[in-house]
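Residue numbers (my numbering): 1164 to 1343.
Hint data in this document are derived by calculation from the structure and do not stem from the laboratory. Careful: at least some of the hints might be erroneous.
[Claimed, not checked] Ranges of calculated distance between the beta carbons of each label pair, as one might list FRET restraints:
id: 1; residue 1: Ala1328; residue 2: Glu1272; range: 27 to 37 Å
id: 2; residue 1: Asp1302; residue 2: Glu1322; range: 22 to 32 Å
id: 3; residue 1: Ile1258; residue 2: Asp1302; range: 43 to 53 Å
id: 4; residue 1: Gly1275; residue 2: Val1230; range: 16 to 26 Å
id: 5; residue 1: Arg1214; residue 2: Asp1341; range: 23 to 33 Å
id: 6; residue 1: Gly1326; residue 2: Ser1178; range: 15 to 25 Å
id: 7; residue 1: Ala1208; residue 2: Asp1341; range: 12 to 22 Å
id: 8; residue 1: Ser1178; residue 2: Asn1229; range: 18 to 28 Å
id: 9; residue 1: Ile1258; residue 2: Gln1209; range: 17 to 27 Å
id: 10; residue 1: Ala1328; residue 2: Ser1178; range: 21 to 31 Å
id: 11; residue 1: Asn1229; residue 2: Glu1323; range: 28 to 38 Å
id: 12; residue 1: Asn1269; residue 2: Glu1322; range: 41 to 51 Å
Here the structure is a predicted model, which means the values were calculated and not measured. Glycine included, C-beta positions come from ideal geometry on N, C-alpha and C.
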Amino acid sequence: MAEDDEIHIADEGDSVDAMMAEWRSEWPELDVSSSAVIARLLRAAQLLEDRFTSGLRRPGGMPIANVGDFDLLQALRRSGPPYTLTPGQLRQALIVSSAGITGRLNRLEREGWIERGPSPADGRSTLVRLTEEGRANIDRALGQHFGLERDVLSVLEPEERAGVADALRKLLAALEADSA
1164 MAEDDEIHIA DEGDSVDAMM AEWRSEWPEL DVSSSAVIAR LLRAAQLLED
1214 RFTSGLRRPG GMPIANVGDF DLLQALRRSG PPYTLTPGQL RQALIVSSAG
1264 ITGRLNRLER EGWIERGPSP ADGRSTLVRL TEEGRANIDR ALGQHFGLER
1314 DVLSVLEPEE RAGVADALRK LLAALEADSA
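Whenever a hint applies, use it, and build me the whole structure from the sequences.
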């Protein structure tokens, strides 16, 4: 792990502990106990996105321009051979608008990382396919990305990681059920 990528654990707590202490001082009867989880989730998500985005932009870093392109390419790669999805399947996998997908597809097609063509089963629909060059680039980026994830999580013991994953799975399942 590079020196600028090191994770520092404060002995005195974290920024959420400081925020909660300020609330206890300012408004003692206000129950802010939920922030012990929610504020940490939001802050961690922000810091993780910043770290992953900087990994994309670092010289010699991942060969992909931005997180949106990375997400689209990894959705195609996850789909397995022949690494082909419809724009609708990509929208669903990425939870973005048609306009957002179109811009990404246009850019990645110009780069030669994807190809678009008619569906052989239904000539009216379009298929998006990861090219060999696109696959090589996303494979390289995924290796770097998952290495960065492992570095970030290295501050947790394996049992702690499993516990966090289990708790977040339960929370996410409830949130997804509420939004369905």
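Consistency of the hints with the structure:
1. Ala1328 to Glu1272: 27 to 37 Å: 36 Å Cβ-Cβ, so the 27 to 37 Å window holds.
2. Asp1302 to Glu1322: 22 to 32 Å: At roughly 31 Å between Cβ atoms, Glu1322 and Asp1302 fall inside 22 to 32 Å, so the hint holds.
3. Ile1258 to Asp1302: 43 to 53 Å: For Asp1302 against Ile1258, whose Cβ atoms are near 24 Å apart, the range 43 to 53 Å is violated.
4. Gly1275 to Val1230: 16 to 26 Å: Roughly 20 Å apart at Cβ, these two residues keep to the hinted range, so it holds.
5. Arg1214 to Asp1341: 23 to 33 Å: 29 Å, holds
6. Gly1326 to Ser1178: 15 to 25 Å: This hint holds: roughly 22 Å between Cβ atoms.
7. Ala1208 to Asp1341: 12 to 22 Å: 19 Å, holds
8. Ser1178 to Asn1229: 18 to 28 Å: 27 Å, holds
9. Ile1258 to Gln1209: 17 to 27 Å: Hint holds: Cβ distance 18 Å, inside 17 to 27 Å.
10. Ala1328 to Ser1178: 21 to 31 Å: 23 Å, holds
11. Asn1229 to Glu1323: 28 to 38 Å: 31 Å, holds
12. Asn1269 to Glu1322: 41 to 51 Å: 46 Å, holds
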